[in-house]
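> Required output: the full structure, derived from the provided sequences and hints.
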Amino acid sequence: MMARMRRDAERVDAKAAVADPAPAVAAVPELPVAATERASGGALSRATVVALQQSAGNAAVARMLQRQPVVAPPALTSSPQEAFDAARKERETFISAGKKGPQTYNPSASNKDNYYGGFDVEYDPAKGELLVMLKGAVLFLAGMSLSPAGRAQAIEPSAQTAAAAAAINKLPKPARAAEVAKWTWSSAGGPDSSDETDLLSGFKSSIEAGWRKKHPFHCTKEHWQDLGAETELRVDVAKVAAAGGKGGDQHMLVNTYKVSKGFIGGAADVSRAGGAGGTAFGNVMNITSEDVVPRKDKLLDRTLHFQPGKGLLTPGSVGTVWRLAKDMPNAAPGSTIEAAGLTVRVQGKDDRQRRDRFDAVLDHLKQGGGMDASRVKFEDGGTGDGGHVTVGTGAAQTVAAHEAGHMFGLDDEYTGAGDYNAGKKTEHTDLAAAAGHTGAMHANSDAIMSGGKEVKPHHYVTFLDALKQVSAMQEWDYGPAQKVNPPSGVGDFPVPGTPGGGKAPDTVLV
Amino acid sequence: MSDAPEPLLLERRVETGDDAYVDRITTDGTVWTGGNVTATLEDGDWNFDRSEPSWTRQATLQSGPLAALRRSIADSGFFSTPAEHHPDTPVIHASREVWTAELDGRRHTSTLHARGTTSAEPLSTLAAALESALAAIDTG
Numbered sequence: 001m002m003a004r005m006r007r008d009a010e011r012v013d014a015k016a017a018v019a020d021p022a023p024a025v026a027a028v029p030e031l032p033v034a035a036t037e038r039a040s041g042g043a044l045s046r047a048t049v050v051a052l053q054q055s056a057g058n059a060a061v062a063r064m065l066q067r068q069p070v071v072a073p074p075a076l077t078s079s080p081q082e083a084f085d086a087a088r089k090e091r092e093t094f095i096s097a098g099k100k101g102p103q104t105y106n107p108s109a110s111n112k113d114n115y116y117g118g119f120d121v122e123y124d125p126a127k128g129e130l131l132v133m134l135k136g137a138v139l140f141l142a143g144m145s146l147s148p149a150g151r152a153q154a155i156e157p158s159a160q161t162a163a164a165a166a167a168i169n170k171l172p173k174p175a176r177a178a179e180v181a182k183w184t185w186s187s188a189g190g191p192d193s194s195d196e197t198d199l200l201s202g203f204k205s206s207i208e209a210g211w212r213k214k215h216p217f218h219c220t221k222e223h224w225q226d227l228g229a230e231t232e233l234r235v236d237v238a239k240v241a242a243a244g245g246k247g248g249d250q251h252m253l254v255n256t257y258k259v260s261k262g263f264i265g266g267a268a269d270v271s272r273a274g275g276a277g278g279t280a281f282g283n284v285m286n287i288t289s290e291d292v293v294p295r296k297d298k299l300l301d302r303t304l305h306f307q308p309g310k311g312l313l314t315p316g317s318v319g320t321v322w323r324l325a326k327d328m329p330n331a332a333p334g335s336t337i338e339a340a341g342l343t344v345r346v347q348g349k350d351d352r353q354r355r356d357r358f359d360a361v362l363d364h365l366k367q368g369g370g371m372d373a374s375r376v377k378f379e380d381g382g383t384g385d386g387g388h389v390t391v392g393t394g395a396a397q398t399v400a401a402h403e404a405g406h407m408f409g410l411d412d413e414y415t416g417a418g419d420y421n422a423g424k425k426t427e428h429t430d431l432a433a434a435a436g437h438t439g440a441m442h443a444n445s446d447a448i449m450s451g452g453k454e455v456k457p458h459h460y461v462t463f464l465d466a467l468k469q470v471s472a473m474q475e476w477d478y479g480p481a482q483k484v485n486p487p488s489g490v491g492d493f494p495v496p497g498t499p500g501g502g503k504a505p506d507t508v509l510v
Numbered sequence: 511m512s513d514a515p516e517p518l519l520l521e522r523r524v525e526t527g528d529d530a531y532v533d534r535i536t537t538d539g540t541v542w543t544g545g546n547v548t549a550t551l552e553d554g555d556w557n558f559d560r561s562e563p564s565w566t567r568q569a570t571l572q573s574g575p576l577a578a579l580r581r582s583i584a585d586s587g588f589f590s591t592p593a594e595h596h597p598d599t600p601v602i603h604a605s606r607e608v609w610t611a612e613l614d615g616r617r618h619t620s621t622l623h624a625r626g627t628t629s630a631e632p633l634s635t636l637a638a639a640l641e642s643a644l645a646a647i648d649t650g
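Taken in sequence, the protein lines are chains A and B. Under my numbering, the final residue of the first sequence carries the number 510; numbering is consecutive throughout. Under my numbering, the final residue of the second sequence carries the number 650; numbering is consecutive throughout.
FYI, nobody ran anything at the bench for these hints, they're computed from the structure. Remember, it's a predicted structure, so these values are computed and weren't measured experimentally. Glycine residues also receive a C-beta, built at the ideal position from the N, C-alpha and C atoms. Don't take every hint at face value.
Derived contacts from chain B toward chain A, CB cut-off under 8 angstroms, selection only [claimed, not checked]:
id: 1; residue: LEU518
id: 2; residue: LEU576
id: 3; residue: VAL601
id: 4; residue: ILE602
id: 5; residue: ARG625
id: 6; residue: GLY626
id: 7; residue: THR627
Written out as structure tokens, the structure is:
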């Protein structure tokens, strides 16, 4: 848009320069007009008309103007149409040239803070589809083994599996093998017959469903705004017998540890050989067999207890509310990314007590973390002394979909120690801000990169960047494709002397 | 975790986010487990949960295994191993293993980041020594 305005300004300047040296002449029939103006076939300049009026008189000049063909000024009529036609032709050529890509996208190339991830991308302008492709080699690993001495040994590296191994080792030795087998894939003798195919299909479907078609893009190029891009996901994963079996075109090795059914927790992570200097194909993702179904640990829920008959929280619940408030800072002033809200369901003997208890929770949220009251919603929980807090939508996350976010170049947004402290910047904060989504931070929320499943607009920032790269065009932004109207023939206003424009003036006023 | 049993001989703390599972042995040979994660088996079904951090006394090492553990700690090179062991490349959201030992008035802590990806020989030696000690109290 800026470039077009500058070109129009240059055109106006050029016209004025031609008109200035108007010659002084005595009489008509043929009024002398600068040769360049005649040659151009354009309208007489204001300065020329004034000069002629002063020398030949208003009436003569008016008659001459009536004989002049009505030619609309280029800047107001013919140029917009020509520009429109040229842009549309260019757009059609772009579309008819077919799909753009596929091309590999390395998040580190556009984000200096990134050191992981990678995917392929292809844009089909005819379908308006941006296809994001993630390819992986899945290595099935036991989560636990039995030592020659008959003791369970944790292999999956989480605290939960360490605790499970200790629990198995309290069983009589003859009973241990059957329990350890539950941490073994069926291909190695485990009891869950379809576990490997379930994992492969669950991995694919949880990522595709979790990430596809969340936020459309559209082209911002002048007269191209009806060109759109909906993001489609395609995840292709296949089993390999060893880490070395990963193909060169696969973005990640997925080490998948078998855990028993019902397992909660586990270590899930992503890393890339070479870090920021690595390629899009050097990633390693570690997950468990339970990471392709929604989490069961209710990360977005908190249970509250009130003192019987009173409006006050129990001491334990005060701590729960303060910790929650600390992990959910308000959005920084000027941020475009909203902080998650809370729904507080409160029980009590009557409406008044429920409201009092809600106010008590609100007070603790303010004291514990300065939470803005507008983020907190009351819900009537009926009679009793309990309560419940839900962060955002409360919908459970599927870990594989979260880890896929790292493959798409996004950092964690949940809270923890050090760099994960609530309110601190993430490794995609600056990249998202450059795309207009400011204020991404570590915070407890329902977002996919925090504790929930919601893919927010700023989580599409690398897809937008990939679209720009694969289309070789920078003019893309968030939002659906827009309607493009051709410019009207002679502008928006009736032109005197044209059909429907009324009678042409007899004189030119100066 | 507060109120950790003392005096300490050896501790391994496995941490995943805010979750922790801890094996701890005091100088008198008492074996403790602690942390805030629970894994229980009931009629063949697993139940995983979180709880308030606490310590549970498991058993006491006999003098022989206790002496063997002290020798292994002394010979492991643990007291000269770096306080931090990082993976070659950063691993986003990995578990870690925090080892602490105290012997002859020296106390040292070393953290293995990205557990399962990273390794350090003195810590692997300690892990084998801890497993031998736990096997010595295995009554199964």
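> Evaluate each hint against the coordinates.
These are the hints, each one checked on the structure:
The criterion of a C-beta within 8 angstroms of any C-beta in chain A is not met by B:LEU518, whose closest approach is roughly 19 angstroms, and the hint is violated. Checking B:LEU576 against chain A: minimum C-beta separation of about 19 angstroms lies over 8 angstroms; hint violated. Hint status for B:VAL601 relative to chain A: holds, with the closest Cβ pair at about 4 angstroms, below 8 angstroms. Hint on B:ILE602 holds. Least Cβ distance to chain A is approximately 5 angstroms, under the 8 angstroms limit.
Nearest Cβ of chain A to the Cβ of B:ARG625: about 4 angstroms, under the 8 angstroms cut. The hint holds. With a cut of 8 angstroms, the hint placing B:GLY626 at the interface with chain A holds, because the nearest CB-to-CB distance is about 3 angstroms. The criterion of a C-beta within 8 angstroms of any C-beta in chain A is met by B:THR627, whose closest approach is roughly 7 angstroms, and the hint holds.
In terms of the numbered hints stated before, the structure departs from hints 1, 2, listed from lowest to highest.
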